[in-house]
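Student: Sequence:
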Amino acid sequence: MPAPTPDRRRFLSAGAAVLGAAASAQLWLPGAARAAGPPLPDGVFSLGVASGDPLPDGVVLWTRLAPDPLNGGGMPAAVFPVDWEIAEDERFRKAVRRGTAQARPELGHSVHVDVRGLRPDRRYWYRFRAGGRLSPIGRTRTAPRPHQRGGSLRVSLASCQNWQQGYFTPYADMLAQDPDVVLFVGDYIYESAPSATAVRRHEGKGEPYTLAQYRNRYAQYRSDPDLAAMHAHAPWVVTFDDHEVDNDWAGEIPQDPDKQSHDAFAARLTAAFQAYYEHMPVRASAIPDGPHIQMYRRLEFGRLARLNVLDTRQFRSDQATTQEGAEAPTRTMLGAGQKRWLLKGLHDSPARWNLIASQIMMAETDLLPGDGKLWYYDAWDGYQAERNALLREFTHVRNPVVLSGDRHLTMVSDLRTDYADPASEVVGAEFVGTSVSSNGDQDQDAFHKQWDPLRADNPHWKLIDAHRGYHLFDIRHDGIEARVRAVDTVLKPRATASTLARLRVESDEPGVRLV
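Throughout the sequence shown, residue numbering follows the numbering used here, covering 3 to 517 in sequence.
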């Protein structure tokens with residue numbers, strides 16, 4: 003993937019330059035006593051605040067100035083200074099860093115502040131101010147120190163939040179569970195056109211193709227109060243799947259190449275990635291370069307866990323349509339460079355738990371009862387040779403656990419070296435998180451009538467379910483306690499949540515079991 007030039011990187015990331023408290027000559031006043039730059043209207047922080055990609059000494063702080071969020075943001079085509087402050091207490095009596103970032107029109111007046119110099123494994127509170135207006139207050143947390151052993155980490159796994167198919171009610175329960183980190187593995191927005199029968203109608207008149215249209219779609223999703231509250235409560239680690247651009251796209255191939263030319267789809271990728279960066283709490287390394295964005299990366303949580311975040315869209319071969327195609331040895335999901343990066347990170351890891359954030363399911367799904375196989379080609383099943391080789395590598399990796407999304411269902415599985423042989427070696431565990439709202443309130447009886455007969459052909463499945471919600475993991479030295487949290491509805495703004503199932507992965511004992 004071509005990298006942005008150093009000059010372009012410096013220019014676009016200038017708004018994220020970090021200034022220490024001592025270097026800031028401006029005083030922070032809690033009200034509107036002093037305006038920073040030209041006055042701005044109420045609602046300039048309508049999209050809230052967020053943080054992400056925590057390090058032992060730092061974190062990314064995010065906001066976007068958008069007083070008219072569904073109409074391009076509503077900001078003048080000018081650069082606006084945005085003050086930021088981070089403190090050890092929610093009343094900001096112990097401020098530790100302050101500075102000023104620049105909200106630029108070419109980045110949708112978004113702000114990404116890469117704060118460094120913080121203390122490891124601590125909570126912090128942060129806020130922004132622009133034009134005399136104060137943002138909501140956010141809370142974040144740094145990662146543990148690099149060589150710290152033991153401790154614990156609470157991670158929420160979420161994916162697939164379709165605005166039109168339901169409210170984002172699972173986030174209200176996630177907030178109450180107080181995770182240290184939220185891992186979001188794809189389909190943050192959906193590119194589908196507005197539907198007259200939707201629970202909540204998409205903005206606009208059709209699918210987004212331009213930067214302005216993608217900005218409006220993200221702004222609409224960001225307006226969900228439960229999502230906004232969760233962003234302001236804990237740092238997020240994000241990656242995208244297909245619906246942030248176009249359903250089932252692969253590389254630079256759209257779902258419908260007969261309707262979208264290569265040049266047209268490259269322009270759509272460029273717009274989609276630009277809007278994605280503008281709305282996510284990620285570092286300047288993710289500033290897009292045209293139709294390319296650097297998304298795979300690695301985060302460390304002491305010696306307890308290493309998190310490898312994958313990109314299973316930009317480098318993959320086009321989706322197979324036959325079993326023969328799925329078994330072709332040349333087919334790739336990761337691309338050569340990302341695959342080398344992943345294997346090196348797994349084999350060299352000092353961590354007890356090696357987590358892999360994969361947008362799509364890695365374990366097999368055999369959809370054909372009885373003899374023969376019928377695979378779900380958009381997932382790793384469509385890339386058999388690469389998937390099977392990766393699982394063989396897992397035999398030399400300590401405690402690999404894959405965290406996935408995409409399927410709009412909960413599917414928890416053992417990872418095996420050879421799914422053609424049910425007695426083959428178990429090498430890890432996979433948790434496919436259900437959707438936040440996609441598929442709405444599903445008919446559970448109909449789901450189990452369809453899927454339960456397939457369990458005999460998929461003995462590695464430990465749990466399948468189709469409630470909406472998320473997964474919650476308490477990661478400790480000796481094991482991972484997992485809870486499947488489900489809500490009773492996403493068709494109303496409020497819901498009741500419960501623990502649908504508890505599971506456990508023991509350290510140095512590959513596989514997963516129901517508790």
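The set of hints was computed from the structure by calculation and includes no laboratory data.
Incorrect hints may appear among the rest.
To be verified - No farther apart than 30 Å at their CA atoms in a straight line, the calculated lysine-lysine pairs in the DSS-like style are these:
#1 K494 <-> K207
#2 K451 <-> K464
#3 K341 <-> K464
#4 K261 <-> K346
#5 K494 <-> K375
#6 K207 <-> K96
#7 K451 <-> K494
#8 K341 <-> K375
Student: Hints first: check each against the structure and report whether it holds.
Tutor: Verification of the hints:
1. As the CA atoms of K494 and K207 are separated by approximately 24 Å, the hinted pair is consistent with the 30 Å bound.
2. Distance hint between K451 and K464 is fulfilled; the C-alpha atoms sit about 17 Å from each other, no more than 30 Å.
3. For the suggested pair K341 and K464, the alpha carbons sit about 28 Å apart, so the restraint of at most 30 Å is met.
4. Between the alpha carbons of K261 and K346 the distance comes to roughly 40 Å, so the proposed pair goes past 30 Å and is violated.
5. Distance check on the hinted pair: K494 and K375 sit about 39 Å apart at the alpha-carbon level, beyond 30 Å; violated.
6. With a CA separation close to 48 Å, the supplied pair K207 and K96 exceeds the 30 Å bound.
7. At roughly 26 Å between alpha-carbon atoms, K451 and K494 fall within 30 Å of each other, so this suggested pair holds.
8. A threshold of 30 Å between alpha carbons decides the hint, and for K341 with K375 the separation of about 26 Å falls inside it, so the pair holds.
Violation of the numbered hints given earlier is confined to hints 4, 5 and 6; the remaining hints are satisfied by the structure.
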